[in-house]
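J.: Place chains B and C on chain A using the hints.
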Amino acid sequence: MSATFEPVAGVDEPISPVPEGPPPGDAPTTRRPGFLHSLRKGRGLVGVILVGTVVALGLLAPLLAPYGPNEQIEGANLLGPSSSHWLGTDEVNRDVLSRTLFGIRADLVVVFAAVPIGAALGVLSGLVTSWWTTTDVIAQRFFDLLLAFPTLILAILLTAFFGPGLFTIGIVIVAVEIPVFGRLVRTSVRTIREMPFVEASQVVGAGSWWVLRRHILPNSLEPLTVQLAVSMSVAVFIEGAMSFLGLGVRPPDPSLGSLIKDGVRLMYNAPFFAVGPLTLVVALVLGLLLISQSLAEARRV
Amino acid sequence: MSPRLAHPRHPHPRRPHPRRPHPRGRSRLTALAAAALAAVLVTGCSSAVDELSAAADEPQQGGTLRIGTTSDIVPANTFTNSSETGDVLVGAVYDTLVDYPLDSVEPAPNLATDWEFNDDGTELTLQLRDDVTFHSGRPFTSKDVEFSIKTWADPLWTVQLQRTAAAVTGFDTSDEHAITLSFEHPVSNIFDLLDMVPIIDSESIDQLRAGTAWIGTGPFTFDSWQPGSTLSLEANEDYWGGAPLLDGVDVSIIPDPQAQVAQLRAGQLDLVTGASGRDIESLGNDERFDVTEWVGAETQVYVGANVQNEALSDVRLRQAIAFALDRDRIVEDVYRGAGVPSSLPWPEYSPAYDAEAAATYDYDLEQAKALVEEVTEETGQVPTLPLTYPAEQTDFGAIAQIVQADLGEIGIKVQLDPVEQAESIKRLIGGEFEGLWLLYHSYAQYNPSTLTVSAYPFNADKNTSGYLDAQYQKDAEAAWKQKPGEVSDEQYDALNQDLLDGAFLLEIAILHPQTVTSTNVGGLDQSKRNELRLTETYLAE
Amino acid sequence: MTRYVASRLGSAALVLLLASLGIFALIRLVPGDPVTILAGPDSTPESRAAIRADLGLDQPFFSQYLTWLGDLARFDLGPSYRLGGSVSELVIAGALNTIVLTLTALLIAVVGAVIASTLAVVLDKQWLNNLLAASNTLAVAVPTFATALILVLLFAVQNRVLPAGGTPPDGFFARPDIALQYLLLPATALALPAWAALTRFLTESLQSQLEQPYVTTARALGIGRRRIVLTQALRNALPSTVTILGIQFGTLLGGAILVEAVFAWPGLGRLIEQGIAARDYPVVQVLLLLSVVVFVLTQLATDLVHAWLDPRVRLQGVS
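Residue numbers (the working numbering), protein chains in the order written: chain A, 1 to 301; chain B, 1 to 541; chain C, 1 to 319.
Some hints here could point you the wrong way.
Which chain B residues face chain A? A few, computed with CB under 8 Å, are given here [stated by the list, open to error]:
(1) 391
(2) 402
(3) 418
Quick look at which bits of chain C chain A covers, simulated, 3 or more residues with Cβ under 8 Å [said to hold, decoys possible]:
(4) 55–66
(5) 290–297
The following label-pair restraints were derived from C-beta to C-beta distances [unchecked claim]:
(6) 99(C) / 138(A): 52 to 62 Å
(7) 381(B) / 70(C): 53 to 63 Å
(8) 138(A) / 74(C): 45 to 55 Å
These aren't lab readings, by the way, just hints derived from the structure by calculation.
Even for Gly, the Cβ is constructed at its ideal location relative to N, Cα and C.
Only chain A is shown next, with the shape it has when bound in the complex (with noise of 0.2 Å):
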């Protein structure tokens, strides 16, 4: 029996598809050693050589690139693959490859800074406010606004106030995954302070920090590792729409949303531009999404 569509009872929330904290009744849960050895075989093993690869080679990208990645070579223009120019050069001259390495760098910004910073918002705001009544009904109405506006919607009214940019994207998904993380984090304080163990932990005087620290955080953290894959799978979707609809990266910076936008736009001229960016973003996406699959399901074994 999956624990994904069971109604939690006395959560008055509406079901989320995301796994939502061990049913009640459940003996507390400590970390069960298959959750993340469950990413060193099969589909997660996958994914983490997915999302490595393409991490490496950002994080590499001075070293393999053979061309700043701003920078015009005399006479490039609009080149076809070749053992020079691998991935061609762009309109501006500039070589595909090494903008497309470069580019990748945005990408990782936005994974793996902005998400966690969200992230840790989000549950921060999520642990605090749900203890007391008030605070958690302000915080849920709050979280509620926020996921109301389509993503989309959300960064363009937000890049009218921050003007287009890296930075803008990251604050648009901060402030998407505030109330995911908020509302993940939420259940799990609700649910397990119900449970009896919480329960005798305060009876015999413990402090509600305590609670806090002892019980719930650690029993939140698979749901949140979990959200936490899904999420920066995510924002490199942010990313590529925001850039696509000319919200992202200032030229000439690259990234992997703007190189594919660019490569869309050339691509009766150069259909060889697009394919770098765009098996990146999948490699990526894809190997986040097996890395949350396979936690998942560790979960719930």
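T.: For chains B and C alone, coordinates are given in the frame of chain A:
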């Protein structure tokens, strides 16, 4: 000219069975889509695509021309010449008093049949047609001419030729079919004004500003406008010049040039206005499309400099930038050769054209570096300069990055600042660019005074750069306050010198506008105002 | 049930009220003054003041807000500042396009998901499951704008079988067969991620149903697997799918912005982009509020349908 690079035009080989399911992935959905499509086709319903491409070979009366544009009308800016859709609308719905042929500035009769100056050029009497009615049915009279010119002179409408229109101080409309305009001084570009001012209907001016009706005397009548989506026009069967061949015109506003070109390729559009230089080149190589280049309605691409910006207030820095622009590369790489690099705006037929002066700021890195060095020695490091440009037009993106690299060569850091088209027009009119900007301008195809007294970026009294120079103002006034055709070469030389010395607007190249149509479109023409002339246009069968 | 419904309705109303206030304030914080845009750069302070008064922008914040709420209640939103036409007309025209597109996508996703997951469970073939898993992952991992462009390239440009974009010239209802063809590509591009999510969910859901005791009993009675899936399991699996459907609808609306950009589809996504660019407050305000209303209503409907289908929720739902 260097040989063009050949690129495969069919990046994806045609597959023999278009509806065969995709071998991997998405199979189910493709199959579903194919099934739905097959169901539609088998049941004998019509295919949307086939309906679109049902054209044959013979010229014919009728049909609706489908135009794709990238920018929409802003009703309050109807007359600012700043949107492609607006240009189609104004060109088709309104008439002007006189009409320039594409290749000269000799006025030809239109709503005005004949005209005469008084001796000192301060009065112009025009005879008007007496058989013209507005689309509302009201007859056209001299009062409408007065109203139209006064509307242009009203700052409310922020029209570029406002200053020229305001120079018309007296209107004698005692004769319904003749009007005498009087001026405080002779106006050398008065016919430019008469070629550009559309004759509008005074009764519906509020509807015009609200965007609910545009009523003129032109070959097409306004039918409907869905903001951000479509504009549709119908043939004016009672047009005084003879009814147009087309039944109507449908304009689709498609902000993404890529989507526009895709629709042209898919046969959903007959004509597109927003294709990039590179798309135009590849469409021109395709036998299904024609590319027409219009000589006589030039557009100039330029880098503007806000001289109120602290760094840019030093003319040497602006001149350094002018020397550092690799104009040949921009024309070659971005416009695929469809332009002429130049330091001055004038096309060859212009009375102000001077080949030598136009080469003043030809690419010269050494000189540019020397000037920058001079400046930095005095005032220290040049701060990073913002370069603003409209993000929608893909050509600007490429030029901006080339300019950024060019200026990087001489030690000037540039930050690119893409903004929405509407925002860039607003900043152009209001003079609100922070540092450098990249845009098109026009009007050099007219009498030179139209540019120097009226165009937003050039107007000697108030321009986007905030460049006010006594000498420039004096020379611009002098060339302007003359009877048409009587401005001397020396006066134009002086103006050219002012423009080059001031270096507040750094020309990159003179471009010939290009229209891409599918091959079944015939009889297309273009006005000097850069508006399509659709009276003789037909769709061949 | 009544108490449950009342509690859900109450919190929905609260969110809407807060949202309207938040949106109203937020829009006014965006840099750029609509009056300057409207009046033009050469305008005098007097004419700007006149325009400001005309638009009611000289009133105190809360009085502006209350006026707006009143306008909303009467759905008389006046003219747009800059885009032309009345706000209501603009929003209705855009909403029709977006809703038709989104609903078609939802339909494709749901029908596709039910067919795919039922087939997978009924046939229970390894190759089919693998194929499904692969296409599923791809549908999630390829960005929507890339799928959309690939579809245009394949079906509209290389093989000219479907339109490359735009809405049907005669509207959606005059020629449904033509309209369907205009809808097919954008709706498919939009539907793919939702289809993947629904298929995955429904398949797992069906499989877990098959492990239930009643299935074992039915099997023991000699009822075929196919019949059990089609009659019982599918029905039991649907309630939980409804909840995920609600979430997918929101995602679809968000994705519609991208698809509208690729297919030149004049819907709400394009309207909001233009509205923000032109600082057209009345248009943007209504659109933002509309997106909140849609979200709240979808959530509400999802919860209520879920409660209706699953008695446990409505009985235990109020704690």
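J.: Between residue 381(B) and residue 70(C), is the Cβ distance one that fits in 53 to 63 Å?
T.: holds, 57 Å
J.: Just to make sure I understand the rule, a stretch counts as covered if three or more of its residues have a C-beta closer than 8 Å to a C-beta of the chain. Does the stretch 55–66 of chain C meet that for chain A?
T.: Since three or more residues must qualify, the claim that chain A covers the stretch 55–66 of chain C is violated, with 0 doing so at under 8 Å.
J.: Is 45 to 55 Å a correct range for the gap between the Cβ atoms of residue 138(A) and residue 74(C)?
T.: violated, 31 Å
J.: Against chain A, does the stretch 290–297 of chain C show at least 3 residues with beta-carbon separation below 8 Å?
T.: This one holds; 4 residues, not fewer than the three required, reach chain A with a Cβ under 8 Å.
J.: Would you check whether residue 391(B) satisfies its interface hint, that is, whether its CB is within less than 8 Å of any CB in chain A?
T.: holds, 5 Å
J.: Is the hint on residue 418(B) kept, meaning its closest Cβ partner in chain A is under 8 Å away?
T.: holds, 7 Å
J.: Against chain A, with CB atoms and a cut of 8 Å, does the hint on residue 402(B) hold up?
T.: holds, 6 Å
J.: Could you say whether the range 52 to 62 Å given as a hint is met by the Cβ separation of residue 99(C) and residue 138(A)?
T.: The hint (52 to 62 Å, Cβ to Cβ) is violated, given that residue 99(C) and residue 138(A) are roughly 33 Å apart.
In this structure, the hints that do not hold are numbers 4, 6 and 8, in rising order.
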